[in-house]
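Protein sequence lines correspond, in order, to chains A and B. Each residue of the first sequence is one higher than the one before, starting from 1332 at the first, in this note's numbering. Each residue of the second sequence is one higher than the one before, starting from 8 at the first, in this note's numbering.
Fair warning: there could be bad hints in the mix.
To be verified - Looking from chain A toward chain B, a few residues come up when the C-beta cut is under 7 Å (computed):
id, residue
1, Trp1363
2, Ile1386
3, Gln1418
4, Met1419
As the list claims (entries may be wrong) - Within a straight-line C-alpha distance of at most 25 Å, the following computed DSS-like cross-link-like pairs (lysine-lysine) qualify:
id, chain 1, residue 1, chain 2, residue 2
5, A, Lys1376, B, Lys109
6, B, Lys109, A, Lys1392
7, A, Lys1376, B, Lys162
8, A, Lys1504, A, Lys1488
Hint data in this document are derived by calculation from the structure and do not stem from the laboratory. Ideal Cβ positions, reconstructed from N, Cα and C, are used throughout, including at glycine.
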Amino acid sequence: MISSAHAATEAHAQSSGLPQFDSSVFGSQIFWTIVSFLVLMYLLKRYVIPAIGDILDNRSKKIGDDLQHAEKARQDADRLLVAYREQMERARQMAAATLEEARLEASAMRDQALTELGEELAKKRAAALDEIERARVQAMEDVQAAAVDIAMLATEKLIAKSVNRAKAEEMVKDAVSHLEQNKASLH
Amino acid sequence: MLLTTTAISVDAAHAAAAAAPRMDPLHHFQVVKYIQMAPFGLDVSISNSVVWMWISLAAVFFFFRYAFRRPEMVPGRMQSVAEAGYLFIRGIVDENIGPSGKPFFPMVFTLFFFVLFCNWTGLIPGSFTATSQLIVTATLALGIFFLSIFLGFYKHGLKFLGFFVPSGLPVLLLPLMVPIEIISFLARPVSLSVRLFANMTAGHTVLGVLFFFAATLPWIGSWLPFGFSVVFTAVEIFIGFIQAYIFTILTCVYINDSLHLHH
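The shape of chain A in the complex, shown without the other chains (with noise of 0.2 Å):
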């Protein structure tokens, strides 16, 4: 009983080197080894390589074409924005040369019309002078000649044949100078 125990576990000792060290496996595994892997090679090599690479290739230089793109794009938009911004510059300085020349011929115009206005008014008031001076100049041939009248009539009335034509006149005359006299008052 003891014996055979122990002859198991000899037996077993013996069997659990490692097995990788059994040599009767080597010859069969170096073979399919290199074989495998060229088999493996040959197949990424025509299969799987070109294809990765491609893919990647395409898009590296997808990447670099939209790259491009887009920096053409935004130059694009730079020369846009200058020149927008020019645009903006110049209609601004006409607005405001506009609005000077405005502003100056409005002036001008209201100048013009003051002037005008003052011209205007100095006429109509010379005008009116001259229509006063006129209304008065005839006023007084009115009243000077209504008082001869009235002076005559009453002379006539009041001393009938005791005053004559001449001494009639005279005392008109006295009368309306009297009048001149006090003109001023009159206005």
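Given the coordinates of chain A, assemble chain B onto it according to the supplied hints.
Only chain B this time, still in chain A's reference frame:
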């Protein structure tokens, strides 16, 4: 009296050991030949290791074919992942070899995904990890090693031997330094293959032990190793990636050393 009790207890212990489930975390590294073939003395038997190598290979190929079934200028999820993988390897090649590394890109690309998917498919329960086989990693590493030697002589002729003579050293030191350089050069395929194989083996062994305990312990204790095994599976996914990455980077470094002698 004492002797007999001991004998009986030892006897009982052996009996119990024979009856109990046997922990064998190395069991799943066992290569099993499904079909034995050796035409012309060449052993081309198909084993679980080879089958899972093919499954990994098919997974790599169909993953990329699926991701690129309809390539779009604006990539979808799978396409993005595939492109990220492609750019990742291109970055490694550009960084470590430079522009002259372009012809090696398909090889490095294949190498990375071959190793990565072998590492990862090995984590599927019941599967087999081809990269946990020293002979598989050694085949890859020796392939790279011989490629770098071939490239060195192809590009530089006999001047490539100057690779072993560090410049700017006193002549007296050369008898010491040249053998060291040669040994370190020869150690490259060993370290390259053993690193990958050992990492995969260790990781899967730990997972095997954890699963064994999770399956055999009473329920009150089994949740602990089970929880660890879940966490460790995640760690293994990371290690699978890191090891593939290291394997690829070192390949690029070795190729670069052969293309550009700078010593």
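Here's how the hints hold up against the structure:
no.	hint	verdict
1	Trp1363	4 Å, holds
2	Ile1386	5 Å, holds
3	Gln1418	41 Å, violated
4	Met1419	41 Å, violated
5	Lys1376(A) - Lys109(B)	13 Å, holds
6	Lys109(B) - Lys1392(A)	20 Å, holds
7	Lys1376(A) - Lys162(B)	24 Å, holds
8	Lys1504(A) - Lys1488(A)	19 Å, holds
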